[in-house]
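Trainee: These are the residues of each chain, in order.
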Amino acid sequence: MVFGLLLSVIAGSLVGLQNIFNSKVSEHAGSWATTALVLGTGFAASLLLGLAFEGKEMFVLHNMQLWYWFSGVIGVGVVISLVNGIRLLGPTLGVSLVLSSQLGFALLWDSLGWLGLERVPFTPTKLIGVLVIAGGIVLFKWSGARVYAKATETV
Amino acid sequence: MKGILFALLGGALITLQGVANSRISQDIGTWQAAALTQFTGFVTALLILLVIRDGKWQGFGRVKPLYWIGGAFAAVIIYGNVTAIHHMGVTFTIAAVLIAQLCLTYWIDVSGWFGVTKQTIRMPQLVGIGMMIAGVVILTF
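One line per chain: the protein sequences are A and B, in this order. Taking our numbering, the leading residue of the first sequence gets 4, the next gets one more, and so forth. Taking our numbering, the leading residue of the second sequence gets 487, the next gets one more, and so forth.
Quick caveat, the hints were computed from the structure, so don't treat them as lab data. Glycine included, each C-beta is placed from N, C-alpha and C at the ideal position. Be careful, since some hints might not be right.
Quick list of the computed label-pair ranges, beta carbon to beta carbon [to be verified]: (1) B/G545 - A/G93: 34 to 40 Å; (2) B/G601 - A/L91: 23 to 29 Å; (3) A/I131 - B/W593: 37 to 43 Å; (4) B/K550 - A/A55: 26 to 32 Å; (5) A/E60 - B/M487: 46 to 52 Å; (6) B/W593 - A/E30: 17 to 23 Å; (7) A/P124 - B/R539: 47 to 53 Å; (8) B/T626 - A/G58: 36 to 42 Å.
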């Protein structure tokens with residue numbers, strides 16, 4: 004639990020930092036060139052770290068399923084959805100909705116246990132927890148929006 | 487209405503990405519999953535870029551080189567995300583990731599680092615962060 008929490012905090016901090024860096028690139032290079040750059044450097048870094056930790060094992064892909072080859076396309080769907088959602092709704096409402104939707108679907112996936120993940124049974128307490136977090140996100144984004152004329156962030 | 491659908495779909499796909507990576511990593515390993523999914527995503531984005539040819543990529547030169555490497559963080563992000571999902575489930579992981587993300591962005595906004603427009607600390611925003619943390623505590627009950 005503590006280990007998982009620590010990893011989540013590290014991952015989340017890096018997501019925040021990455022979003023700032025990416026939006027700087029995107030201002031000049033557009034969203035598709037930025038997406039290609041971001042995924043390309045991400046691939047290179049993952050390959051290097053994988054080689055460093057696992058050596059030749061990095062190239063052994065056990066039980067490879069056909070759909071694994073297409074999972075990267077989800078990332079492209081993410082970019083299309085975020086760019087259009089934020090363009091149509093503005094950064095405050097757009098980002099609040101994206102983050103809340105992320106949480107809602109997380110609860111759904113845990114409850115259903117799709118894709119062979121361990122099922123975490125749904126309880127009303129979990130729904131309350133998710134709603135309180137979503138409320139916090141909306142309050143946080145809204146009260147920040149008044150001083151935030153410039154779209155310096157994406158998500 | 488269309489904007490709302492895009493935003494909801496975007497959130498769903500971000501979560502799906504984490505879930506799919508977790509599933510794939512069970513078979514081929516975590517670094518392998520991170521490398522594979524970003525490689526295929528990279529190829530797809532490159533193809534789209536070739537089709538739309540907006541020529542905007544030439545703007546890379548006007549960006550500080552430091553900002554080019556943001557994508558490289560994803561290796562650690564995906565590793566952390568996947569491992570955390572295996573340890574404590576999707577909901578808890580996504581919630582903790584979001585809060586850390588918003589807190590760090592807020593800290594950078596308040597400090598005015600990386601040339602972002604400096605923000606003052608506002609009470610409602612602190613209450614918002616407090617609510618998010620309270621929500622995560624509720625999830626553990």
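Trainee: Now tell me if each hint is right for this structure.
Mentor: Verification of the hints:
One distance hint, 34 to 40 Å for the beta-carbon pair B/G545 and A/G93, is violated here, with the actual separation near 23 Å. About 27 Å separates the C-beta atoms of B/G601 and A/L91, a value consistent with the hinted range of 23 to 29 Å. Separation of A/I131 from B/W593 is about 28 Å and departs from the stated range, judged on CB atoms against 37 to 43 Å. Between B/K550 and A/A55 the beta carbon distance is about 27 Å. The supplied range of 26 to 32 Å therefore holds.
As the Cβ distance of A/E60 to B/M487 is approximately 49 Å, the hint placing it in 46 to 52 Å holds. Between B/W593 and A/E30 the Cβ separation comes to about 22 Å, which falls inside the hinted range of 17 to 23 Å. For the pair A/P124 and B/R539, the supplied restraint of 47 to 53 Å holds, since their beta-carbon distance comes to about 50 Å. At about 38 Å, the beta-carbon gap between B/T626 and A/G58 stays in the expected band of 36 to 42 Å.
Consistency note: the structure conflicts with the earlier hints numbered 1, 3.
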